[in-house]
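Enquirer: Just so you know, the sequences run in chain order A and B. In case it helps, my numbering puts the first sequence at residues 1 to 728. In case it helps, my numbering puts the second sequence at residues 729 to 1020.
In short, the hints are calculated from the structure, not lab data. Beta carbons: idealized from backbone N, C-alpha and C, even for Gly. Be a bit skeptical, because a hint or two may be false.
[To be verified] Residues from chain A that face chain B, not an exhaustive set, calculated with beta carbons under 10 Å:
1) E49
2) I134
3) D135
4) T167
5) L168
6) R224
7) R351
8) G481
[Stated by the list, open to error] Derived coverage of chain B by chain A (criterion: at least 3 residues anywhere in the stretch with Cβ under 8 Å from a Cβ of chain A; other residues may be distant):
9) 771 to 781
10) 970 to 981
[What the hints assert, rightly or not] Residues from chain B shown here face chain A by an in silico Cβ test under 10 Å; the list is partial:
11) D761
12) Y835
13) T838
14) S998
15) S1019
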Amino acid sequence: MSTYRVTLLAGITLLGLPASLQASTDPLLDDLELPKVLSATRLKQAPAEVPGSMTVLDRQLIRATGARDIPEILRLVPGMMIGYRRGNQINVNYHGTNVTEARRLQVLIDGRSVYRPGFATVDWAEIPVAVEDIDRIEVFRGPNTAAYGANALMGVINIITRHPRDTLGTTFKLTKGTRGVNDWLAREGFSTEYSQTRLTLSGMADEGFDFYEEPGQEYRDGKRLTRVNLSSAFQVDTSNTIEWQLAASETSRQSYYDYSPFLGAAKQPLGQFDQLIDEWQPDSDIRGHDYVVQGLWKTDLSANHSVQILAYGQHMERLSDFRACDSPLVFSPTLRELSALSPLAARRVSRYMSHDVAGSLRNYMNDFMYGQYYDYLGDLGERILQERQQYVDSEPACFDIDQHIRESRYHLEVQDTFRLNEQLRFVSGASYRQDRVKSETFFGGTVDNAIIQAFGNAEYRPHDRWLFQFGGMYEDSQLVGDAFSPRVAMHYFITPLHSLRFVYSEAVRTPDMYENNINWTYNLKNISGPVSGPQSYYATAVGPGDLDTETMRSREIGYNGTNHRYGVSVDLRVFQERITGMNSEPLKLTDFYPNNDSSAEFEGAEAQIDWRATYADRFRLTYAYVDFEASSKLDQRLTARNSGSAAWIRSWPAGIESSLIYYGADQLNERRFERVDTRLEKEFALGQRSHLNLALVLQHRLDDEPLTWDENRYESQNHYYLSAELHF
Amino acid sequence: MRFGARAFCLLLLVLCSASASARAILVAAPAADSPLINEFVAELRTKLPQDQVTVSVTPATDATSADIIITLGKDMLNWRLQSGLQTPSIAAYLNRHALPSQPLPAYLTTLLANPKPIRQLRLAKILVPRLRVAGFLYSEEQSSAHAEWTYPAEQSDLRLYSVIVKRPSNLTRDLLQVLDTADVLIGLDDPGIYNADNLKTILLTSYSRSKVLIGPSAPFIEAGSLSTTYSTPGDMAHSVALLLQQDQLPGEVTYPAYFSVLSNAQVARSLGLPEPDDETLRHLLTELEQSP
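Chain A extracted, bound-state conformation (with noise of 0.2 Å):
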C-alpha cells in the first residue's frame, strides 16, 4: 500500500515536470516535452461510440430557447414529457408515468444529484443553479443505472455548469415580462495565474398561472427566489486539478391551503360549522433553503490513467406551517378505530357527511369499497355519524400544524478511468453516500440511509468496426437492500462517425423513504374549539419497511451518424423498456398503500437531427412516437403518442441572433400542447470586451387548453419578457 502511494507520488511529481520548462521553440530540439492535455481519458466520448441515446442541449440552443428554467429547455429532449402540477412545481418525466410525481430520472448538477433521498423528486423550481450558469445539458434517455446508480431509471439529466475560466468578467441581467417574470443576475468571474472563480448572484420571480379555472379568479401559485453560486477551479499542476463550489439558495413558493379536513363543509349547509370551515382557508406557502458545498480532485496519473474524487454535502429544507381546521371529529376514538381498521372506509363516510348522499350510509359504504365491506366498519360509521350531531352548530377544532421536511446527504465517490491500449479502457469506481430526512410530520422524526455502490464499464474495440461495452452497478443501500444492475451495449461502425447500435440494459429504483418508511401523522399545537378528552389525530400513515425495488428491462436499436460536409447529425432509435415491480399508488396520508404491483411498458421510436444547413443557420427537428401499456390508470395520463420540436436558429449581420422553436404533444395528461416560442437578440459593441445585449422572447401557445391541469389557466396565450445584459 504504501509502496504503491509512494509510486504514486513520484508519478505525479514526474509528471509534473515538464510544466515548469518552458516549452522551447528551436526547433532542433525534437524532444520538446508538453503535457497531454487532450488525454483518451479526458476526451468525450465520439457521440457515435455513446452506449445508449443521448441529447446535448448546447449553450447555443439554451440561449436559444430563451427558457428562464431548466425544464423549459427540456422540450428540446425527444421523448421528455414536461408538465406542470402548479406555476411553482415542475414535473420532468421521461416518456411518462406519474404525472405528478417525477420518480424515475437522474438529475445531476455537476455530478452532484439532487434526486431528493426523502421524497424520490426533484425540485425543479428550486434548482440552485442559474441558466446562465449552465454549459450544456446532456440527457441521457433510457436506462442508466450502469453509470449514474439507482433512480437512473428512466434516463439521467446531467446539467454541467460552465467552467470559471468560461465566464471572466462582469455581467449584469435584467429580464422582465408579462405573468410577473422579474429576474436578474449578477456575475464576477475572476482569475489569477492558476485559478478561476466565479461568483453569481441571482433571482427569479413570476406569478404562475393567471387563473384557476375561471376567469377572475386568481391562482395563488407564483415563486421567488434568490441564489448564490461561487464556483472556482484551481489548477495545482499540470496533472492535478481542484474544482470546488458553494451554493446556497432561499426560495419562496405560493400555496393553497395543504389540508384536507376529515369533514369539511356539507353542499346544503347543516348549520354554523359548515360556514365557518369553508371559510378557512389560510395559505400555506413554501419556504426553501438549499444549502451545497462541493469538491472534486481530478489527477492524471497518465496520459491514458486518470483518477477523480468527488465528495459533496447538501442540505434542503422545505418549511411549511399554518393553522388548521377541522371537526373536532378528528379527536374521536371512533374515527381512529375506524381509520385504523380502514383508512377507505374513514373516507367514505367523510364523504357521505359532506356530499348529502341519498340512501343509509351502510349501502353507501357497501357500495363504494370494492368487496371490503364489513359491518363492524358499518357499525362504526354509524357512531361517527351520531358523534357529528353535537358538533353542527359549534366551532371547528382548529390546531397549529407543519409539513416541514429537512433532508441531507453526502457522498464521497472515487472515480478510476484507465485506457489500457487502442483496443481497451475502463471506468471504475465506487461511493458512499449517506441521506438523512428529519420531519416530525412525515416521519416522526428522523430516518438514515446509507449506500454503497461499485461501478464498473469496459469499451473493448476489437476491430475498427466494432466496439463492445460492459457495464454495471452494484448497490447496497440499508434500508432497501441490494441490487445489481447490468448493461451490454454493441456498436457495429458502418464508417467511423456511422454506427448501428444494439443496447439490453436493466436499470433499478429503490423506493424511497416517503414510501417505504414513512411515519405520518399531525403533531397538532395550539388547539383550540369545543375539544376534550385525548387530543391526537385519528389518522396515521405508516410505511411498510419492505417494499422492493423497481425494475426497467431495455431494449433498444439505434443509429448515429454525423455527416461533417453538410453538418448533419442524426441519432435514431427504437425502443422498448418495460417496467415492473412499480409503486403507482397515490399515497396520500388517509389513503397509504405503497406496493410493488404495477408495471408499466413503453415502445416507440425516436428521432433527433441537428444540421447546420449554412454557417448562419442551425436547424434542429426532435421527434418521439410513444405506445405505452401501464397497469395503473395514475400512469397512463402524462404520456404523449406524438410529440417533437422544431428548431431554427439564425445568426443575421449586425449581431442579430434569431430563434424560431415550435413544441408539440399531442396530449399531455389528456391536454393538447403546442407553442411556438421566438427569440430576438441584438448585441451591441461598447468597447474590445464590452458588449450590451437586448433580448425578447415571444410564446405563444397554438392551442387554448389549460397546461397539463385543468386549472391551469392563462389569460393570454401569448408571454413576453424583455432582457438586457450587460457584459463588460
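Dock chain B against chain A, hints included.
Expert: Okay, now just chain B, sitting in the frame of chain A:
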C-alpha cells in the same frame, strides 16, 4: 509537349550538375550526434549522392574549403553571419521569429522550420467544415507576425481575427474573445503563448467549445492539437537538396518545399470530425500548392 520540355530541362540540369565536379558541402551543426541531425545528414547524402557532405560542430576551422555551407539552428547561423565568408549558404531549422532583425546577406538562403501559413490555413479549411474565421493569439513581441498571414488568408478566402495578449494574466479572456468569433484557433510559433504552462488552458477551453487548435508544431499534436503541417528531417533535407539542384540559390527566406502532416485522430473522433488521414492530407495540400 510542355511537360516533356520541362522534364528534358530538368534532366539536363541534373546531368550537368552530376557531370560537374562534386561539391564540398559543409553542414554546420550545433551537435555532432543527435537523431534529428543524423537523419537530416543521411537523407541529404542520399539526395545528393555526387556531393561530399561533411558535418562539423566547429565549422570555423572547416569552412574555408567548403563550396556550400548549410547551418542548422540559430547559433550556427550567428556564427555564419559573423564569419565574413561569402560562400553560398543555406540556413535551416530557424523559426521566423528567431531571424535576426537586420537584413540577411544575399549569399544566404533561409529555410524556415515553422509551418508555412498558407499550408496551415488550407489544412484547417480541409479539416473544419464551413471554416470562415481563423483565430490567432499573439504575444506583444510577435504582433508583427500578423502580416505574414494576411495574404494567405485572402488566398484561402478566410477572415482573420486576432487578439494580442498584453498581459499573461489576460490570456484566458483574450482566448475566449478569439473563440467567440473564430471557428478555429491557429497556433503560432510564439513561446510567449504556446508553451507548456498555457497549453492546458488553451486546449481545454477551445475543446470545451468544440473548437480545435491547428498547429503550431508537431509536438503539440500529441498534447491535443488537431493537426499541423511540419517538415521531418527527411523533408528538410529533401528541400535543401532541391535548392542545391538549382543553378543558383535564391538568396531569400522561404519554406521547405517538402512537408508532412501530423494529426490527432482521437481528438477528431471525439469532436465528431472525420478521422484525418495524414498522407491523404499531405497529398491534397501538395496538389493545391502545385495548381496555379
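Enquirer: Now tell me, hint by hint, if it's right for this structure.
Expert: Each hint, compared with the structure:
1. Using the Cβ-Cβ criterion of 10 Å, the hint placing E49/A at the interface with chain B is satisfied: the shortest such distance is roughly 8 Å.
2. Interface restraint check for I134/A: the shortest CB-CB distance to chain B comes to about 13 Å, outside 10 Å, so the restraint is violated.
3. Of the supplied interface hints, the one on D135/A holds, with its beta-carbon coming within about 7 Å of a beta-carbon of chain B, less than 10 Å.
4. The restraint placing T167/A at the interface with chain B holds, with a minimum CB-CB distance near 9 Å, inside the 10 Å limit.
5. Satisfaction of the interface hint for L168/A is found here, the shortest Cβ-Cβ separation to chain B being roughly 5 Å, below the 10 Å cut-off.
6. Because the smallest distance between the Cβ of R224/A and any Cβ of chain B comes to about 33 Å, over 10 Å, the interface hint for this residue is violated.
7. Hint status for R351/A relative to chain B: violated, with the closest Cβ pair at about 59 Å, above 10 Å.
8. Among the interface hints, the one on G481/A is violated; its C-beta lies about 39 Å from the nearest C-beta in chain B, farther than the 10 Å criterion.
9. For a cut-off of 8 Å, the count of residues in the stretch 771 to 781 of chain B with a CB near a CB of chain A stands at 0, and the three-residue condition is violated.
10. Coverage of the stretch 970 to 981 of chain B by chain A is violated in this model, with 0 residues showing a Cβ closer than 8 Å to a Cβ of that chain against a need of three.
11. Taken as an interface hint, D761/B does not check out: its beta carbon lies about 13 Å from the nearest beta carbon of chain A, beyond 10 Å.
12. Hint status for Y835/B: violated, given a least beta-carbon distance of 22 Å to chain A, over 10 Å.
13. Annotation: T838/B was flagged as interfacial toward chain A, and the flag is violated, the nearest CB pair being 13 Å apart, outside 10 Å.
14. Nearest Cβ of chain A to the Cβ of S998/B: about 4 Å, under the 10 Å cut. The hint holds.
15. Checking S1019/B against chain A: minimum C-beta separation of about 21 Å lies over 10 Å; hint violated.
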